[in-house]
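Protein chains in written order, with the working numbering: chain A, 1 to 167; chain B, 168 to 334.
Some hints could be false.
[Unchecked claim] The list that follows gives simulated cross-link-like pairs (lysine-lysine, DSS-like), each with its CA atoms no further than 25 Å apart:
1. A:K70 with B:K237
2. A:K137 with B:K279
3. A:K112 with B:K237
4. B:K204 with B:K279
[Said to hold, decoys possible] Derived CB-CB ranges, DEER-like:
5. B:Y234 with A:G121: 18 to 28 Å
6. B:E244 with A:P80: 21 to 31 Å
7. A:K137 with B:E198: 26 to 36 Å
8. A:R19 with B:E244: 26 to 36 Å
9. A:N109 with B:P171: 18 to 28 Å
10. A:S53 with B:G288: 31 to 41 Å
11. A:K137 with B:E321: 36 to 46 Å
12. B:E230 with A:K37: 50 to 60 Å
13. A:P18 with B:Q217: 33 to 43 Å
14. A:K37 with B:E274: 42 to 52 Å
Calculated directly from the structure, the hints in this document are not laboratory data. Note that the structure is predicted; figures quoted are calculated from it, not measured. In this text, a Cβ means the ideal position worked out from N, Cα and C, and glycines have one as well.
Protein chains: 2
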Amino acid sequence: MLEPICLKPVGFVEEGIPRLGEPYRPESRYEIISTIKILDEYVEALEGLQEYSHIIVIYWMHEEKRYKPKVKPWGIERYPEVGIFATRFPPRPNLIALTVAELIAVEGNKLKVRGLDAWTGSPVIDIKPYDYYDIVKNPRIPWWLEERWKELSEKKNYKTIAPWLGP
Amino acid sequence: MLEPICLKPVGFVEEGIPRLGEPYRPESRYEIISTIKILDEYVEALEGLQEYSHIIVIYWMHEEKRYKPKVKPWGIERYPEVGIFATRFPPRPNLIALTVAELIAVEGNKLKVRGLDAWTGSPVIDIKPYDYYDIVKNPRIPWWLEERWKELSEKKNYKTIAPWLGP
């Protein structure tokens with residue numbers, strides 16, 4: 001029989017993205033610099049991380065409570081209702097989130113990153129370096145998501161595309 | 168105070184990669200087709216997933232028991248000892264693994280994927296669609312990892328590079 005699987009936070013997001021309604025709301029998460037504070041007992045496990053330009057931050061969406069098997073993406077009427085596994089929205093069976101972020105600096109127990117979409121206080125579960133096998137050159141995504149990207153890219157001041165995707 | 172964070176498997180890897188010593192051992196994981204069986208209660212959450220070419224499979228490395236703050240990559244003497252967060256090796260504080268895999272088919276409660284590096288029986292924790300913001304065009308990685316990739320790519324029959332990275 002399988003033992004229960006429980007997680008230990010390895011750190012917390014100290015300065016994350018502002019919640020809706022909070023004062024500063026930049027146009028795009030790719031502009032935001034966040035800080036992750038790693039717990040003292042795990043600081044030695046960071047050694048060598050600064051050699052990577054990007055990391056994958058796995059964190060827990062601790063303020064989400066529900067599980068919704070299906071969602072209407074961004075509540076947009078003409079988009080199809082899709083399974084939660086076909087989206088990156090929060091109300092999943094396990095509240096795990098994953099963001100690729102640019103690693104700006106490792107300073108003692110703090111990581112400075114750009115592009116993380118986690119709220120302040122989110123428990124960080126794992127840090128993984130971004131490696132070549134994480135790149136998919138031409139992924140196929142659904143039409144509604146293509147449309148969403150297109151719309152966002154036409155929005156003034158909205159940097160849809162992460163800086164590292166630039167030409 | 169934070170509630171304990173526990174995970175529910177949403178499925179299991181049914182045909183995963185062979186363990187060392189097991190009969191069939193292909194040269195590269197990118198050639199292996201695995202099956203993930205999703206638990207009945209989560210099958211509806213798969214709707215629309217087939218529109219994506221690639222998914223991120225988050226699974227639990229249930230046979231790993233230790234935590235090692237530092238490791239010598241592949242035990243290779245000339246490589247530096249690095250923190251576990253600077254690698255993708257298993258003995259992490261939380262035994263979460265993450266693989267980008269090609270989604271070949273969704274058939275009822277089964278996902279057929281190519282490139283997953285999970286052993287048979289691994290609990291699957293989440294399935295996320297691969298989207299544009301997961302692409303980093305030119306990530307920087309440490310010299311020892313560059314060297315490792317180079318060595319593997321020179322090895323006969325070893326497909327270092329996932330098919331989706333091809334030119």
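Status of the hints after comparison with the structure:
| no. | hint | verdict |
| --- | --- | --- |
| 1 | A:K70 with B:K237 | violated, 41 Å |
| 2 | A:K137 with B:K279 | holds, 20 Å |
| 3 | A:K112 with B:K237 | holds, 22 Å |
| 4 | B:K204 with B:K279 | holds, 9 Å |
| 5 | B:Y234 with A:G121: 18 to 28 Å | holds, 24 Å |
| 6 | B:E244 with A:P80: 21 to 31 Å | violated, 54 Å |
| 7 | A:K137 with B:E198: 26 to 36 Å | violated, 18 Å |
| 8 | A:R19 with B:E244: 26 to 36 Å | violated, 49 Å |
| 9 | A:N109 with B:P171: 18 to 28 Å | holds, 23 Å |
| 10 | A:S53 with B:G288: 31 to 41 Å | holds, 35 Å |
| 11 | A:K137 with B:E321: 36 to 46 Å | violated, 22 Å |
| 12 | B:E230 with A:K37: 50 to 60 Å | violated, 31 Å |
| 13 | A:P18 with B:Q217: 33 to 43 Å | holds, 35 Å |
| 14 | A:K37 with B:E274: 42 to 52 Å | holds, 44 Å |
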